[in-house]
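Enquirer: Fit chain B to the supplied structure of chain A, relying on the hints for placement.
Protein sequences, first through last, are from chains A and B.
Going by the working numbering, the first residue of the first sequence is number 391, and it counts up by one from there.
Going by the working numbering, the first residue of the second sequence is number -5, and it counts up by one from there.
Quick caveat, the hints were computed from the structure, so don't treat them as lab data.
One should not assume that every hint holds.
[Claimed, not checked] Taking lysine to aspartate or glutamate and the DMTMM-like style, the derived pairs with C-alpha atoms no more than 25 Å apart in a straight line are:
#1 A:LYS570 / B:ASP274
#2 B:LYS235 / B:ASP355
#3 A:LYS612 / A:GLU457
#4 B:LYS(-2) / A:GLU457
#5 A:LYS487 / A:GLU399
#6 A:LYS507 / B:GLU351
#7 B:LYS(-2) / A:GLU561
#8 B:LYS235 / A:GLU513
#9 A:LYS487 / B:ASP141
#10 B:LYS235 / A:GLU538
#11 A:LYS562 / B:ASP355
#12 A:LYS570 / B:ASP355
#13 A:LYS507 / A:GLU539
#14 B:LYS235 / A:GLU457
#15 A:LYS487 / B:ASP222
#16 B:LYS(-2) / A:GLU538
#17 A:LYS562 / B:GLU351
#18 B:LYS235 / A:GLU541
#19 B:LYS235 / A:GLU539
#20 A:LYS487 / A:GLU561
#21 A:LYS507 / B:ASP141
#22 B:LYS(-2) / A:GLU513
#23 A:LYS540 / B:GLU351
#24 A:LYS524 / B:ASP355
#25 A:LYS562 / B:ASP222
#26 A:LYS507 / B:ASP222
#27 A:LYS570 / A:GLU513
#28 A:LYS524 / B:ASP222
[Claimed, not checked] Here are a few chain A residues that sit away from chain B, every Cβ distance over 10 Å (derived from the structure):
#29 PHE397
#30 GLN404
#31 ASP413
#32 VAL485
#33 ASN535
#34 GLU551
#35 SER558
#36 TYR568
#37 ILE576
#38 GLN606
#39 THR644
Computed from a predicted structure; not experimentally measured.
Built from N, CA and C at the ideal position, the CB exists for glycine as well.
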Amino acid sequence: MSNILLFTEHLTMQFGGVVAVDDLNIKIPTGEITALIGPNGAGKTTAFNVITGGYQPTNGRVTFDGEVIAENCPRAKMKRIYNGSYKEPYTHTVVNKPDMITRLGMARTFQNIRLFKDLSVFENVLIAKHCHIKAGLLGATFRLNRAEEKEMAADAHDLLERVGLWESRNEKASSLPYGKQRRLEIARALATGPRLLLLDEPAAGMNPKETEELSQFIVEIKDSFALTIFLIEHHMNLVMDISDSIYVLDYGKTIAWGTPFEVQNNEAVIRAYLGVDEQ
Amino acid sequence: MNIKKRNTIYSLVAIALFLAFLYWLDANRLKQGMMISVLQKGAILALVAVAMNLLNGFTGLFSLGQAGFMSIGAYTTAILIIPVKSLDGVYYMNGVHPAIMSLRVMMAESPPFLQSLYPFIALLLGGIIAAVAALLVGLAVLRLKSDYLAIATLGLSEIVRAIFSSPQFDQITNGSYGLNKIPNFPSMLWGLIPSLVTPFIITGVCVAFIVLLINSSYGRAFKAIREDEIAAEAMGISLYKHKEMSFVISSFFSAIAGGMLAMYMRSIEAKTFSIMLTYDILLIVVIGGIGSITGSVVSAFLVTAAKEWWLRFFDRPLTLFGMEVPLFRTGFRMVIFSILLMIVVLIYRRGLFGTNEFSWDAVRRRLGRRGKEARS
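The shape of chain B in the complex, shown without the other chains:
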């Protein structure tokens, strides 16, 4: 009990330190641009990775439709939060659909209290639309197993992308021109939480929800389905109902992350949500450990930082002893990144965390062992 309490205190202190660090970043945001953008992108990808892990790692459904649901969230959010006065500029080719325009004008005329909530309502609405889409698609797709499910969801994600970029929806999604002038993250609680910190708070709340779900009775049922479908069904667990639940929840949170991605990137187009995005997320899940929430979160930050920041060095021409090193040019970091990935996968066959979660006890055990080794 005492140890449990101490671990809680450790966790709280760690969270407080991280928050303090974020506030420090906010104060120095001009100098720390790279750090901020990597951390924010990491937080957004962490949420999708955790949502994907709920499906792939905990329910055992190999789904590759994440990008599709993210794009639903991103487009919904973007359409609802692009400032009204910029709308005509954004849709300069085809004009805005009158229904959207009138909705946006109505929103702009509502009291300021509501207006500060709209970004969050937009995120939520994106999530709900994606969840409804997942519910309908799940009726058909969740009958499939393993690879077939992956192919079906992959196709689904491409269909969503094609619909969003089709000329028929020009007035809603702006076709292949995409949407831009999307405002940055909103601040929360009357500016108490600055806009920089918002994505971390949203990700934190969503991940906490998923963790609570996984540790509940329903989460255990998901795991049972992952372990053995036939046995789970014989234990009275309705496969269809639970798979559908997991699929809908995963899609909901993917869409929320998609909406945050729109706020982060400030401009989106259908191409952003191509299959490569799903692969990036799958990569994060696999590196972190299929079936480990903390693994997904940690690896989301590590992979993003490695890809976007730490390896930048390799992209710049390098002169050593008056000689230009031949390979150092734009794009070379991705080669190094791939090599690093292979090394990580070779060393950690089941991902950094396997199916375990981060725990202070494990840290203490590891430190303790190292301490003992040093003493002996």
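Bound-form chain A, shown alone:
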């Protein structure tokens, strides 16, 4: 199990009568690119939100790097645990807020870009560095942490150069062209120093050329930052090109998983999602 960075067990997210994610079991091996695909409304983003702490799961467990980061056991199931009729008990509840999970080393981007719009590109990246600050409030106010502050700025500089945004560092984030905003969002996530990067539809709204560039970029940062990547995407070319394994969701249920080749030839997937046009 040591080469599995993140895995979920029976992860379920229910909103009233709607089961958005139903019994999701995924394993994300260290250093690989894992993709989560499925038709619109299949529960992909909800799964993301549960993993990153946005929602408290209604059932199941998420383990990141050997540590349980989210766990929940509904009351009904509790009873069955005591009866002995339920085999896999999650006997306690673990709640982690998104910011704690980020500090553990898991960063994400958003489907609809969520940059700090009125701040500069440089500040956007610098803010992401704040989560690991050691100086306290007074220390930082009286600039007793000059060295730390300098290091943060240097890291942000380095990062912006590596993603090719250093030239536009003083521009407002909202004034960047769309492709660069996507790139900045990834850079900002990288600035938190993650081991696992979760990308929510990074190629949404991009043309084929931009998508091609993006897939190169993802592979590039994966290698240079020693990352594990988990992504949601609709562009099949990108997914099939770069992912090592793929999970397919439909109506919250996992209908298939495997290598891109296996998934492409899976009948359930073709029926549910890829349709006749795509392949």
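Expert: Leaving out everything else, chain B in the frame of chain A:
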């Protein structure tokens, strides 16, 4: 680098000139009463406005509890600095609480060196009490968002006011009679800084602290929360912790300004800290620009001067060509003031400064442009 140095020199010269002006005022304080009182009130309101801006403009928390925290500061300061021999006169109806009396007697018997520090300790203590109150209240209130937070903090401020004027606290706050005989601002550094200048120094130091905070990493985190809470949280910024920080710091400085207001007004009552005070401060923040520190400071002085001084003309009966102009009577200046406000808000949609700060470069650019226009 050179330009930066020059700008620093400009700023230092401006501050020195202002200080020299204050010393001149101190020398002529009998003739310049109005100017002094407007400037002092402006300085006090500037500090609250900046504190409120830290919360509303930089952290994006719409809070209307400023008056409540100011009253905590004002009452603490007043109770601790009213001269011992006046205490019985102030609390003539209900008598002083024995604990306060014995504390005050103890303070009066301490060495003179300490006694000169007590006003500042009182201000600080007021701030700390308000900060602790904010910390506790924040636990519950900061879960709320936008308008709901505003309503909760508004209610909180009214609760504080009601507590201060309640008969149960007669022996501490003197109930609805309020506190008077509060001494004026203390002088600093063995009289080197006269009492007239003290509020400006305190405001200057406090505003400088807030500016340093906003430009630090924590300040950036506050701005991130203002821009997008969900994204900020995903970037590892603990919303709760940072909102609480901002709320506590803002309350601390509001209370210090409240304490200074008590010294300025010389007598306070719970009614002074009604919701209207918060609205006045909100007005200053909005006129100056939500998210601009220098905007808040400048607008604090402008609004105070306009309201208390420049528009006095409209309050006096005016006779033109042997005819009395009908509208000119007491209170008319507030009508003019409101009209002026509307005009300012219509012209400057985002306040005088928007989210920008004052900078010498901007001044030079504007002057340069004007110069070019004149030449062409």
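Enquirer: Work down the list of hints and note, for each, if the structure agrees.
Expert: Tested hints:
no., hint, verdict
1, A:LYS570 / B:ASP274, "violated (43 Å)"
2, B:LYS235 / B:ASP355, "violated (36 Å)"
3, A:LYS612 / A:GLU457, "holds (23 Å)"
4, B:LYS(-2) / A:GLU457, "violated (50 Å)"
5, A:LYS487 / A:GLU399, "holds (19 Å)"
6, A:LYS507 / B:GLU351, "holds (18 Å)"
7, B:LYS(-2) / A:GLU561, "holds (21 Å)"
8, B:LYS235 / A:GLU513, "holds (20 Å)"
9, A:LYS487 / B:ASP141, "holds (24 Å)"
10, B:LYS235 / A:GLU538, "holds (21 Å)"
11, A:LYS562 / B:ASP355, "holds (20 Å)"
12, A:LYS570 / B:ASP355, "violated (30 Å)"
13, A:LYS507 / A:GLU539, "holds (23 Å)"
14, B:LYS235 / A:GLU457, "holds (24 Å)"
15, A:LYS487 / B:ASP222, "holds (16 Å)"
16, B:LYS(-2) / A:GLU538, "holds (24 Å)"
17, A:LYS562 / B:GLU351, "holds (16 Å)"
18, B:LYS235 / A:GLU541, "holds (24 Å)"
19, B:LYS235 / A:GLU539, "holds (20 Å)"
20, A:LYS487 / A:GLU561, "violated (31 Å)"
21, A:LYS507 / B:ASP141, "holds (22 Å)"
22, B:LYS(-2) / A:GLU513, "holds (21 Å)"
23, A:LYS540 / B:GLU351, "holds (24 Å)"
24, A:LYS524 / B:ASP355, "violated (34 Å)"
25, A:LYS562 / B:ASP222, "holds (15 Å)"
26, A:LYS507 / B:ASP222, "holds (9 Å)"
27, A:LYS570 / A:GLU513, "holds (15 Å)"
28, A:LYS524 / B:ASP222, "holds (23 Å)"
29, PHE397, "holds (21 Å)"
30, GLN404, "holds (22 Å)"
31, ASP413, "holds (26 Å)"
32, VAL485, "holds (13 Å)"
33, ASN535, "violated (8 Å)"
34, GLU551, "holds (20 Å)"
35, SER558, "holds (18 Å)"
36, TYR568, "holds (17 Å)"
37, ILE576, "holds (13 Å)"
38, GLN606, "holds (25 Å)"
39, THR644, "holds (25 Å)"
The structure shown violates the earlier hints numbered 1, 2, 4, 12, 20, 24, 33.
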